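Chemist: Residue numbers (full-length UniProt numbering), protein chains in the order written: chain A, 1 to 280; chain B, 1 to 292.
Since the hints were made in silico from the structure, they are not lab data.
Hints should not be assumed to be uniformly reliable.
As the list claims (entries may be wrong) - Not close to chain A: a few residues of chain B, all C-beta gaps over 12 angstroms, as computed:
(1) Y53
(2) M60
(3) R152
(4) I186
(5) T204
(6) K231
(7) G240
Said to hold, decoys possible - No farther apart than 25 angstroms at their CA atoms in a straight line, the calculated lysine-lysine pairs in the PhoX-like style are these:
(8) K107(A) with K283(B)
(9) K190(B) with K3(A)
(10) K267(A) with K189(A)
Because the structure is a prediction, the values reported are computed rather than measured.
All C-beta atoms, glycine included, are put in the ideal place defined by N, C-alpha and C.
Chain by chain, the residues run as shown.
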Amino acid sequence: MRKNVRQALLWLCIFLAMGFICMPGLWVVLNAFRPNVAILGNENPLNFSSYTLDNFRNILGLGGIQPLPVLAYFRNSMIISMTSTVMALVVGLAGGYAFARFHFRGKNAMFVGLMLTRAIPGVALSLPIFIIWSWLGLLDTMPGVIMVYLAMNVPFTIWLLDGFLRQVPQELSQAARIDGCTAWQAFWKVEFPLARGGIAAAGIFAFLTSWNEFALASQLTRSPDTKTMPVALMDFTAQFTIDWAGMCAMAVLIIIPALLLTFLVQKHLIAGLTLGGVKG
Amino acid sequence: MRRSWPYLLLLPALLIVALVVLLPLVFSLYSSFTAYRLTRPDSITRFIGFANYVRLFQDMDFWWAFGRTILFLTIVLNAELSLGLGLALLLEQVTRGQRLLRTILMFPMMFSPILVGFQFKFMFNDNIGIVNYILQHGFGMQESVPWLVDGRLALFALAVAEIWNSTSVFAILLLAGLMSMPSDPIEAAKVDGCSAWQAFRHVTLPYLMPFVWIAMTIRSLEVGRAFDIVKIMTNGGPGGRTELIWTLMARTGYVDGRMGLANAMGYISIILSMAFTVHFFAKLSAARRHVY
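Take these sequences, add in the hints, and give me the full structure.
Modeler: Printed below as a string of structure tokens:
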């Protein structure tokens, strides 16, 4: 009997905690389907009869209201995030391999130095980068943003992949070398597949960082050809008013890819956080 | 040849970091000694020594923002740690459906901080926000609470948003720690007559400490993220009551155009962020030595 009460209490606590965790997100998702009149009139949000798809039609330009270039923003975000993620994985894999497999002078200093660059707040960097990029003609270009995100992601990618590669026993690749593989073949055929989970984890972190970044993108991108989704959220704000309905619909478009990707690799995500971090 | 391999492998990483991080840092250090204004590009050559720093040290608004940033970080990090530990202990008890719960738990991590800013600005809105709606319709309150208009409440609202966004990081890492813990020490402690609390305090908690510090280190690497949330929810207002060092810096640089002064602020904020990271990293190393 006492055990049952304990179980019931436990589930009650979990239910409440999960409710608190989900509610703010759900609130935005629900409002993506409510017309602005209902939102501004402070109507009962549980009155589902007023729910429509109009907000999505409007922001995608199907509803007659002058559309925002949302599809262009989505494309920009995808190109920027994907490119910087793939590049961060390649550069990070090389760096992580160097840290996991070699002893060399200045190794620890270099490792800590790389990690510290990650501690610099985006806003503090955005001022000088803004000026230098304007000199180099990189402002408002995709390569300009991609380079910044690549540099942001590389240290963390190296850190995670270093942790993962160290889990892969060195003997395996040595055995492959003895069997006649080149160093590259041994890496590609033996170590790479074994570190796949870590690569997935590092990739998802890099992608989410780029996908969600705002402080730098808001200064480095201007036109519809480069603006990313988080920056585009600002399009829904005027000086004194905010188009809440449109903003919520846009928010849903931002969340969906992040959610899908994270759910697909969530097992690796947890392993990545713990392995990369704790087994030092 | 073999000796140069690690350096060759690291070269791309070092190059990109040098271009995107070190070069701007050198530039911002230089420009923090000039009277650089965005509107007058030639002013970058006007060297004024430590004048920007002297000015900052005398500027009370800056010190308020500085102190408020540290207060904000302290409150937020401690709250996230406590709540994350609570969630991790709760979830560890669950035997069925834990994977689903873990996935739900990570839900807020996927939200862009800027999105979280808009989301909570919406929820805390005094006219149309759900928080006031619930207070009025569920608890019969007459007036609406001006969450983002009152200085003190606004800082609280910001903290809530930031905590919602990042508690999962702690919860997930601590849960991983709890799950990797061998069960023998706890059972031995119980056999020796320890209460549940004593077993937690003297066995579980020390084992978890490396995980606590790794979470702190990871979070301290991104504390500047709070900029997005603050910028959207209050933009430093009302009347500068929620101004953090980052919003003040962005305002000085981009709105007032005083890049030199803003970069001086940036340097101070970078040192502050690094101090947090180095502190937590040192704690992490110490805790590792203690456990392994």
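Chemist: Each hint should be assessed against the structure and marked as holding or not.
Modeler: Checked hints:
1. The beta carbon of Y53(B) sits about 15 angstroms from the closest Cβ of chain A, which is more than 12 angstroms, so the claim that it is off the interface holds.
2. Every C-beta of chain A lies more than 12 angstroms from that of M60(B), the closest at about 21 angstroms, which supports listing it as non-interface.
3. Distance to chain A confirms R152(B) as a non-interface residue, since its nearest Cβ pair spans about 21 angstroms, more than 12 angstroms.
4. Every CB of chain A lies more than 12 angstroms from the CB of I186(B), the least distance being 18 angstroms, so the non-interface label holds.
5. With a least beta-carbon separation of about 16 angstroms from chain A, T204(B) lies farther than 12 angstroms from that chain, consistent with its non-interface assignment.
6. With a minimum CB-CB distance of about 8 angstroms to chain A, K231(B) fails to clear the 12 angstroms threshold, and the non-interface call is violated.
7. At roughly 17 angstroms, the least C-beta separation between G240(B) and chain A is larger than 12 angstroms, which holds for a residue marked as non-interface.
8. Restraint check: the Cα-Cα separation between K107(A) and K283(B) comes to about 21 angstroms, which is no more than 25 angstroms; the hinted pair holds.
9. At most 25 angstroms may separate the alpha-carbon atoms for a hinted pair to count; K190(B) and K3(A) meet this at roughly 19 angstroms.
10. Using a Cα cut-off of 25 angstroms, the hinted pair K267(A) and K189(A) holds, with the two alpha carbons roughly 23 angstroms apart.
When each numbered hint is compared with the structure, a violation occurs for hint 6 only.
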